[in-house]
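For this one, chain A is given, so just place chain B on it according to the hints.
Number of protein chains: 2
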Amino acid sequence: MSIEFRCKCPISSALDIIGDKWSLLIIRDMLFDNKKTFTDFSTSEESIATNILSSRLKFLEEVHIIKKSKAEGNLKSNIYTLTEKGLNLIPVIAEITIWSDENIRELNTTMADVDRENLKNNKQAVLDGIRQGYLKSIGAL
Amino acid sequence: MSIEFRCKCPISSALDIIGDKWSLLIIRDMLFDNKKTFTDFSTSEESIATNILSSRLKFLEEVHIIKKSKAEGNLKSNIYTLTEKGLNLIPVIAEITIWSDENIRELNTTMADVDRENLKNNKQAVLDGIRQGYLKSIGAL
Numbered sequence: 000m001s002i003e004f005r006c007k008c009p010i011s012s013a014l015d016i017i018g019d020k021w022s023l024l025i026i027r028d029m030l031f032d033n034k035k036t037f038t039d040f041s042t043s044e045e046s047i048a049t050n051i052l053s054s055r056l057k058f059l060e061e062v063h064i065i066k067k068s069k070a071e072g073n074l075k076s077n078i079y080t081l082t083e084k085g086l087n088l089i090p091v092i093a094e095i096t097i098w099s100d101e102n103i104r105e106l107n108t109t110m111a112d113v114d115r116e117n118l119k120n121n122k123q124a125v126l127d128g129i130r131q132g133y134l135k136s137i138g139a140l
Numbered sequence: 000m001s002i003e004f005r006c007k008c009p010i011s012s013a014l015d016i017i018g019d020k021w022s023l024l025i026i027r028d029m030l031f032d033n034k035k036t037f038t039d040f041s042t043s044e045e046s047i048a049t050n051i052l053s054s055r056l057k058f059l060e061e062v063h064i065i066k067k068s069k070a071e072g073n074l075k076s077n078i079y080t081l082t083e084k085g086l087n088l089i090p091v092i093a094e095i096t097i098w099s100d101e102n103i104r105e106l107n108t109t110m111a112d113v114d115r116e117n118l119k120n121n122k123q124a125v126l127d128g129i130r131q132g133y134l135k136s137i138g139a140l
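One line per chain: the protein sequences are A and B, in this order. So in numbering that gives the first Met the number 0, the last one in the first sequence is 140, and the numbering has no gaps at all. So in numbering that gives the first Met the number 0, the last one in the second sequence is 140, and the numbering has no gaps at all.
In isolation and in its complexed conformation, chain A is listed as follows (with noise of 0.2 Å):
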């Protein structure tokens, strides 16, 4: 697999990768609500549609941000897990909460509350905590 870089700025390289409107989304779902399976990133809220969501999983493993396995006993089916890549996304998914959070409640009025004060006081803890909380549900720790 190659990737088509824009140029050689490391922002700009990072968005060929996850600049796009699903693979944070994608490791959010892993992340916060314990997805790991095709089905399981289909049903989310924002309705991704099979085959973008087919595309994306296959790129992202490409990239090993991801990494694809078989459920235990049941050979048919797969299971989709961060790697360390991925879990280092933890801070920008967090950053982007907290902007979004302070910046465009007005634009969306029904967005969802966060915890805000115990993110930003408390950053690396909670940044730690949601990692060591991953890696127990998927029984790596």
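All clues given are correct.
Pairs involving identical chains hold if they fit within one copy or between any two copies, as the list cannot separate such chains.
Straight-line Cα separation of at most 20 Å, SDA-like style, residue types lysine to any residue; simulated pairs: (1) K20 to L52; (2) K84 to E116; (3) K20 to L56; (4) K66 to E101; (5) K20 to I51; (6) K84 to N102.
Hints listed in this document are in silico derivations from the structure and should not be mistaken for laboratory results.
Coordinates of chain B only, in the frame set by chain A:
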């Protein structure tokens, strides 16, 4: 203007606004390359198509991430600058830069260097410096 938010999730809502391949690059160009005009942005290394650039500038203005004004002494030329909401994206861009530097160099081997140690060890000072530098560059400090 009304934005169709996919749901009430803060992460998803943010991506409905900045989750495309160009918005954060336009903001990057403002922050780090002192770009201000349509012509400035259209000469970026990533070669954004002018119709997409035009549409993204209009959208970013509508959601109050950037604002448009007239150049001093040249009423024909529009100047785009970041608002407070736009400046508040600096931490998001910083975390994307750190993630990129540490996780996807193997995919884009020509990626430019990042002063990662400084960014990681003095993060708040670096972020404050970027904000202050930008505000000075537009004559707001």
